[in-house]
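Spelled out from the first residue to the last, the chains are:
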Amino acid sequence: MLRLLMLASLACLAYAQAPAPSGNAQKGKQLFQSYGCYQCHGREAQGGTGTGPRLAPKPIAFSAVTKYVRQPTGQMPPYTAKVVSDQDLADIYAFLSAQPQPPSAKSIAILNN
Amino acid sequence: MASNRRKFLKSAVTGAALAAGHPAGAQQQAQATRPANAPLLARETDPPANVEVLTADRPGSDFMVDVLKSLGFEYLFANPGSSFRGLHESIINYGGNTSPEFITCCHEESSIAMAHGYAKIEGKPALVMAHGTVGLQHASMAIYNAYCDHAPVYIVVGNSIDAISRRPGVEWAHSVQDAASGVRDFVKWDDLPISLPHFAESAVRAYKIAMTPPMMPVLLVADGDLQETPVSPKARLEIPKLSRLAPPQGDISAVNELAKMLVAAENPVLIADRCARTEAGLKLLVELAETLQAPVMNQNGRMNFPSRHPLNQSDGRGLIANADLIVGLEVWDFWGTINSYRDQLERTSKPITKPGVKLVSITSTDLFTKSNYQDFQRYAGVDLAIAADAEATLPSLIEACRKLITADRKRVFEDRGKKFAAAHQQALERARTEATYGWDASPISTARMAAELYAVIKDKDWSLVSGGGWPQRLWNFDKYYQTIGGSGGAGVGYGAPASLGAAIANKKHGRLSVTIQNDGDLMYAPGVLWTSAHHHIPLLSVMHNNRAYHQEIMHLQRMANRHQRGITRAGIGTRIEDPNIDYATVARGMGVYGEGPISDPKDLGPALRRAVAVVEKGEPALVDVVTQPR
Numbered sequence: 001m002l003r004l005l006m007l008a009s010l011a012c013l014a015y016a017q018a019p020a021p022s023g024n025a026q027k028g029k030q031l032f033q034s035y036g037c038y039q040c041h042g043r044e045a046q047g048g049t050g051t052g053p054r055l056a057p058k059p060i061a062f063s064a065v066t067k068y069v070r071q072p073t074g075q076m077p078p079y080t081a082k083v084v085s086d087q088d089l090a091d092i093y094a095f096l097s098a099q100p101q102p103p104s105a106k107s108i109a110i111l112n113n
Numbered sequence: 114m115a116s117n118r119r120k121f122l123k124s125a126v127t128g129a130a131l132a133a134g135h136p137a138g139a140q141q142q143a144q145a146t147r148p149a150n151a152p153l154l155a156r157e158t159d160p161p162a163n164v165e166v167l168t169a170d171r172p173g174s175d176f177m178v179d180v181l182k183s184l185g186f187e188y189l190f191a192n193p194g195s196s197f198r199g200l201h202e203s204i205i206n207y208g209g210n211t212s213p214e215f216i217t218c219c220h221e222e223s224s225i226a227m228a229h230g231y232a233k234i235e236g237k238p239a240l241v242m243a244h245g246t247v248g249l250q251h252a253s254m255a256i257y258n259a260y261c262d263h264a265p266v267y268i269v270v271g272n273s274i275d276a277i278s279r280r281p282g283v284e285w286a287h288s289v290q291d292a293a294s295g296v297r298d299f300v301k302w303d304d305l306p307i308s309l310p311h312f313a314e315s316a317v318r319a320y321k322i323a324m325t326p327p328m329m330p331v332l333l334v335a336d337g338d339l340q341e342t343p344v345s346p347k348a349r350l351e352i353p354k355l356s357r358l359a360p361p362q363g364d365i366s367a368v369n370e371l372a373k374m375l376v377a378a379e380n381p382v383l384i385a386d387r388c389a390r391t392e393a394g395l396k397l398l399v400e401l402a403e404t405l406q407a408p409v410m411n412q413n414g415r416m417n418f419p420s421r422h423p424l425n426q427s428d429g430r431g432l433i434a435n436a437d438l439i440v441g442l443e444v445w446d447f448w449g450t451i452n453s454y455r456d457q458l459e460r461t462s463k464p465i466t467k468p469g470v471k472l473v474s475i476t477s478t479d480l481f482t483k484s485n486y487q488d489f490q491r492y493a494g495v496d497l498a499i500a501a502d503a504e505a506t507l508p509s510l511i512e513a514c515r516k517l518i519t520a521d522r523k524r525v526f527e528d529r530g531k532k533f534a535a536a537h538q539q540a541l542e543r544a545r546t547e548a549t550y551g552w553d554a555s556p557i558s559t560a561r562m563a564a565e566l567y568a569v570i571k572d573k574d575w576s577l578v579s580g581g582g583w584p585q586r587l588w589n590f591d592k593y594y595q596t597i598g599g600s601g602g603a604g605v606g607y608g609a610p611a612s613l614g615a616a617i618a619n620k621k622h623g624r625l626s627v628t629i630q631n632d633g634d635l636m637y638a639p640g641v642l643w644t645s646a647h648h649h650i651p652l653l654s655v656m657h658n659n660r661a662y663h664q665e666i667m668h669l670q671r672m673a674n675r676h677q678r679g680i681t682r683a684g685i686g687t688r689i690e691d692p693n694i695d696y697a698t699v700a701r702g703m704g705v706y707g708e709g710p711i712s713d714p715k716d717l718g719p720a721l722r723r724a725v726a727v728v729e730k731g732e733p734a735l736v737d738v739v740t741q742p743r
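Chains A and B supply the protein sequences, listed in that same order.
Just so we're aligned, residue 1 is where the first sequence starts under our numbering, counting upward by one.
Just so we're aligned, residue 114 is where the second sequence starts under our numbering, counting upward by one.
Calculated directly from the structure, the hints in this document are not laboratory data.
We put the beta carbon where it would ideally sit given N, CA and C, even for glycine.
Worth double-checking, as some hints may not be accurate.
Stated by the list, open to error - In silico DSBU-like pairs for lysine-lysine, Cα to Cα no more than 35 Å straight-line:
| hint | chain 1 | residue 1 | chain 2 | residue 2 |
| --- | --- | --- | --- | --- |
| 1 | A | Lys106 | B | Lys531 |
| 2 | B | Lys471 | B | Lys354 |
| 3 | A | Lys58 | B | Lys483 |
| 4 | A | Lys58 | B | Lys373 |
| 5 | B | Lys471 | B | Lys573 |
| 6 | B | Lys620 | B | Lys471 |
As the list claims (entries may be wrong) - To give an idea of the interface, some chain A residues facing chain B are shown, with a C-beta separation under 7 Å as derived from the structure:
| hint | residue |
| --- | --- |
| 7 | Thr49 |
| 8 | Tyr79 |
| 9 | Ala81 |
| 10 | Leu111 |
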């Protein structure tokens, strides 16, 4: 998992300059469910225990996401263009980008037990 | 022994034939020639020509119960079965249904898993009985789990060895030449005693074998005739003494060598999986870690190390990669711990350790390994393999380390300890921050569920008897019974019954047993809910209801993506919905307090508090929480 995150971060740096295409966040939310992304990453892309890392809010650069999704270097199964189109990915990216910041841990009393 | 039963069958058949062939008119005529009470009078006063013995004061099963009582079993988990009817009757009447007490299970898989969970809390086996055929077949998966998990379970199966004494029909289908053969690959020892002295000796031997590390299930066959035939007044029956058992310690020269390596290492890492079997084991591992100020990565096969101890580095990033010495303490999968593995079309792996790292294992698995089932994992190729029980080896290892620590090394260790204390605090804060993502999501995030549950139980004497992940990151585990590890063989259906077995062990200690219960797991044998209500076993089950066999969904997605066919149909065969199961109603239907389904996180805390109040009164309760997948 750590290795995956590091690779994703490196990819993020390399592709940080590429602009994110326009996407439909509402449609992206539906695709995030129907493509089963949530099974590993959670319905809010918050990450899962021992499965997939957190993807949102503030996702890595779109080009890095695309590169990793198409040709993952870690455990994630590949999602080729035959399965998920570039536009679908753009919509999913819009959904990830639209996720709000959570409250701080210190503001949640039961997280400080 | 077969002759008694044959005589009984012969007379029964003869009597039935006579009754069937006797014309009704003849019966009436015969009755008319005698006074109304004559038949009764005749039965009581006429000297019988050939008296059939129909009762027995002391069947063999009574002596078997004497033997089993000598081993100190508290509970017998069983679904009733005719092949051990003699033992069943002797336990509840002759034995008074105490030590062991009969706990009615609805499936033999549940019986074994309950004993599995019980053993990990109580540190000793419970008794399980089953048919040697259909019952043992049901039980087999759970036996495999206990075998893989190194948990002692004591199994007695009924069988009818003598073909001539079997009842026609079902008893033949319930009889087998070699009952243990179906599970012999994953029990440590089995036997088929053919006399009561043989039973006594094998019963005590089985207990000794089960309780010697690596602890594992054992099985005895109790022959039906041996159970039901009266004990001869001339029989000389004795119960052998159960030895005090000393678990195998590591060879002292190897332990001294390891101590030298530990004291000299700059970046040692202690990895514990099924290391701490007892409260003493937990304390000893803390003592070793503090002596060396060495980090501990807990793989949670047992309650090895306190979760909030500064040297707990289970979330340690780069620890293994940076280590110059890695010591595995009862680590199930050492190879998988020091290698990365990639499950793509071409499966690849590579070490995650740095060149020159020294690897040492202490494990009782090296003392007992079978061939057929492959639970022993890939060969790790360690530098020093100490074949011994890790917990039993810790005292000599600690002592050897202490003798070698100089003032200079002590200063180095203290500096190292400060660094790890800071890293531990950062890991805790990181976990809390990660838990905030999806905090208000519906379905409820597993982090939120864990936090809400902990808030309700943290000030009580709690025991998380199944379920992991977020609790290990967020909760303060510091007592040996607060977690007991997983199933061992990853056979689904372990969680619910093992939790209940652990809960019945916790009951007499007044602990609050809590389980995070997977939905797919509960559906294997939901009858455990009835068992919990019937026997008043206090257990709070919090459903982790993601409405799927989630692990399998991910595997199916992997296959579908690999084949570029899309993953939209991956739910076929893997989802548990349409209809959604209403677990609270299922629970109530079996006499268990039930709440839910709860999908709004704001409703969760109050529901948990109500359920805990029920459990604290001594009854089971279930809260159905509709959750995120993981």
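We went through each hint and held it up to the structure:
1. Between the alpha carbons of lysine 106(A) and lysine 531(B) the distance comes to roughly 24 Å, so the proposed pair stays at or under 35 Å and holds.
2. Using a Cα cut-off of 35 Å, the hinted pair lysine 471(B) and lysine 354(B) is violated, with the two alpha carbons roughly 44 Å apart.
3. As the CA atoms of lysine 58(A) and lysine 483(B) are separated by approximately 51 Å, the hinted pair breaks the 35 Å bound.
4. Restraint check for lysine 58(A) and lysine 373(B): the C-alpha separation of about 49 Å exceeds 35 Å, so the hint is violated.
5. Proximity of lysine 471(B) to lysine 573(B) is assessed by CA-CA distance (about 43 Å); at most 35 Å being required, the pair is judged violated.
6. Proposed proximity of lysine 620(B) and lysine 471(B) is contradicted: the alpha carbons are some 44 Å apart, above 35 Å.
7. For threonine 49(A), the suggested interface contact is upheld, since its CB lies about 4 Å from the closest CB of chain B, less than 7 Å.
8. Given the 7 Å rule on beta carbons, the hint for tyrosine 79(A) holds: about 6 Å separates it from the nearest Cβ of chain B.
9. Violation of the interface hint for alanine 81(A) is found here, the shortest Cβ-Cβ separation to chain B being roughly 9 Å, above the 7 Å cut-off.
10. Taking 7 Å as the C-beta cut-off, the interface hint given for leucine 111(A) holds, the closest approach to chain B being about 5 Å.
Going through the hint list in order, the structure does not satisfy hints 2, 3, 4, 5, 6 and 9.
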